[in-house]
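Protein chains: 2
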Amino acid sequence: MKFTEQLAAAWQKNNSLLCVGLDPDPAKFPAHIKNQPDAIFRFCSEIADATADLACAFKPQIAYFAARRAEDQLEALIAHIHDKHPGVPVILDAKRGDIGSTAEQYAIEAFERYQADAVTVNPYMGRDSIEPWLAYQDKGVILLCRTSNPGGSDLQFLKARVGAGDTAIFEHVARLVADEWNTSGQCALVVGATFPGEIARVREIVGEMPLLVPGIGAQGGDIEATVMAGKTAAGTGLMINSSRAILYAGKGEDYAAAARKVALETRDAVNRWR
Amino acid sequence: MKFTEQLAAAWQKNNSLLCVGLDPDPAKFPAHIKNQPDAIFRFCSEIADATADLACAFKPQIAYFAARRAEDQLEALIAHIHDKHPGVPVILDAKRGDIGSTAEQYAIEAFERYQADAVTVNPYMGRDSIEPWLAYQDKGVILLCRTSNPGGSDLQFLKARVGAGDTAIFEHVARLVADEWNTSGQCALVVGATFPGEIARVREIVGEMPLLVPGIGAQGGDIEATVMAGKTAAGTGLMINSSRAILYAGKGEDYAAAARKVALETRDAVNRWR
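Note that the protein sequences, when read in sequence, are chains H and F.
Just so you know, we're using the working numbering here: the first sequence kicks off at 0 and counts up by one.
Just so you know, we're using the working numbering here: the second sequence kicks off at 0 and counts up by one.
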């Protein structure tokens, strides 16, 4: 099944726009797990099992695995999610970006080795650096557009001269993706929750295209603004990511239950504004 | 020793501005190596041994290893180069880019796990995505500026309004790095050889900062233009990368000797214009 169809089905079935980010930092794991040899797999898979009926996607961040030689645990985690929770797609958060021949290798890494359903990609190197990803037409290709970090403005918010008028770089990326790169309907964009006005601007440009929105916490100060700015007419179109607030909600043996509680609250806080 | 000092020493000792790119594709390996369990390590380390006295740096591309579950062979390769050829720094070509907490993990991957001397990084997410790399002050941080692929123009060549006038995005990146990010003198930039005029423009902006220049082949049609545009007053300042033309110069058991021959020709072709 195509990623976009999986995502749409998960939005409905789980009545959720919540993407659970899996950024495993062993220093923050509960004591009973911390020193086990497969601690990362165990922690993440228990979080996944506890939240799968509340999520529209899972998003493991590959750096947390690579920093600890835990690629095998990432493979096992994605296989576990596909096996136990087949309705919830897995986005590999890798933000790769390179020339075509190298991008082909990265696409093999993400889609063949890890069997991810979608991947995050950096657009700085342009069209031919994206094409090897697009060649996997069932997979989702989620391009960085407007990121949630302070430095996001350094380049993305510059005004560029395009055609007759001025347009911010992130808007230009949104337009390139919507008008030129998304030929198979498999693209999505990353737009940070810290900038609701810019989410609205991107939504205006890209129509129904899904947006992956990092930057909210369990407290959800800006959940209302994010959902109101980003939802489609159908009340979907968003993958609102929360990582640390869910993963580290509890510090003890009941951490998975604590994670579930925060995931449920976050999902419902989002749903209030759909 | 700092990366920039290692690089300067290698420029002198090997009388070379040549960076040997290690992009191992087993489909292109000689038949006697292709099916060995550690084929990637063996191929790359034999290339490194055959060219170490002709190179100012080695640049393994991580995607080629990750696509084949060969992270262990990448670790072994970098350790081999450090052990056998301590004068030649290793640049991990990874082009990572993410928010600060994730960039910290990527920096652990590159600098602690793989022990790379320098890494390539994508600037699209701005200052705070670069800082975790800069915290390793002895390491080189090589930022994408103007890439050699056709799609490089999609974003990098847009004219942005910065201050009073218009400036191309890649020039703005060069200025940000030179004026603001390079506080410890550890930064370098990627500027493709396909655009000599733009190499000259970047050189003008960044002073003596090293430039990593991909995009030339053994034929070297534009070696003259690249060196003339990019060299510093001292006749250095460049890491001119060649990967496939060297790696796959020979198809038989003598592939390492064939690689050495092309590396020597390329080094000398570069030196003619220093």
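Be aware that one or more of the hints could be misleading.
Below 25 angstroms or equal to it, Euclidean Cα-Cα: the simulated DMTMM-like pairs (lysine to aspartate or glutamate) are [as the list claims (entries may be wrong)]:
hint, chain 1, residue 1, chain 2, residue 2
1, H, 158, F, 207
2, H, 27, F, 253
3, H, 230, H, 264
4, F, 27, H, 103
5, H, 33, F, 103
6, F, 12, F, 264
7, F, 83, F, 253
8, F, 33, H, 203
9, H, 158, F, 165
10, H, 27, F, 103
11, F, 33, F, 4
12, H, 250, F, 253
13, H, 250, H, 52
14, F, 1, F, 207
15, H, 27, F, 111
16, H, 83, H, 252
17, F, 158, H, 52
18, H, 33, F, 70
19, H, 33, F, 203
20, H, 1, H, 103
21, F, 27, H, 111
22, F, 158, H, 179
23, H, 33, H, 22
Just so you know, the hints here were simulated from the structure itself, not pulled from any lab data.
None of the values given here were measured: they were computed from a predicted structure.
Quiz item: Within a Cα-Cα threshold of 25 angstroms, do residue 83 (chain F) and residue 253 (chain F) meet the stated pairing?
Solution: 21 angstroms, holds
Exercise. With a cut-off of 25 angstroms on the C-alpha distance, tell me whether residue 158 (chain F) and residue 179 (chain H) pass.
Key: 20 angstroms, holds
Self-check item: Satisfaction of hint between residue 207 (chain F) and residue 158 (chain H), Cα-Cα up to 25 angstroms
Solution: Violated, at roughly 29 angstroms.
Self-check item: Restraint status (C-alpha distance of residue 33 (chain H) to residue 103 (chain F) at most 25 angstroms)
Solution: 20 angstroms, holds
Quiz item: Does the alpha-carbon distance linking residue 33 (chain H) and residue 22 (chain H) stay inside the 25 angstroms limit?
Solution: 15 angstroms, holds
Quiz item: Taking only the CA atoms, is the gap from residue 1 (chain F) to residue 207 (chain F) under or equal to 25 angstroms?
Solution: Cα-Cα ~16 angstroms, so holds.
Exercise. Would you mind confirming whether the straight-line C-alpha gap from residue 33 (chain F) to residue 4 (chain F) stays at or under 25 angstroms?
Key: 37 angstroms, violated
Quiz item: Can the restraint linking residue 27 (chain F) and residue 111 (chain H) be considered satisfied, given a maximum Cα separation of 25 angstroms?
Solution: 20 angstroms, holds
Quiz item: residue 33 (chain H) and residue 203 (chain F): Cα distance at most 25 angstroms?
Solution: Violated, at about 51 angstroms.
Exercise. For the pair supplied as a hint, residue 33 (chain H) and residue 70 (chain F), confirm whether the alpha-carbon distance does not exceed 25 angstroms.
Key: 24 angstroms, holds
Exercise. For the pair supplied as a hint, residue 230 (chain H) and residue 264 (chain H), confirm whether the alpha-carbon distance does not exceed 25 angstroms.
Key: Between residue 230 (chain H) and residue 264 (chain H) the Cα gap is close to 19 angstroms, so the pair holds against 25 angstroms.
Quiz prompt | Proposed proximity, residue 253 (chain F) with residue 250 (chain H) (alpha carbon, max 25 angstroms) | solution = Not OK: residue 250 (chain H) and residue 253 (chain F) at ~58 angstroms, beyond 25 angstroms, violated.
In summary, the structure is inconsistent with hints 1, 2, 8, 11, 12, 17, 19 from the numbered list given earlier, while agreeing with the others.
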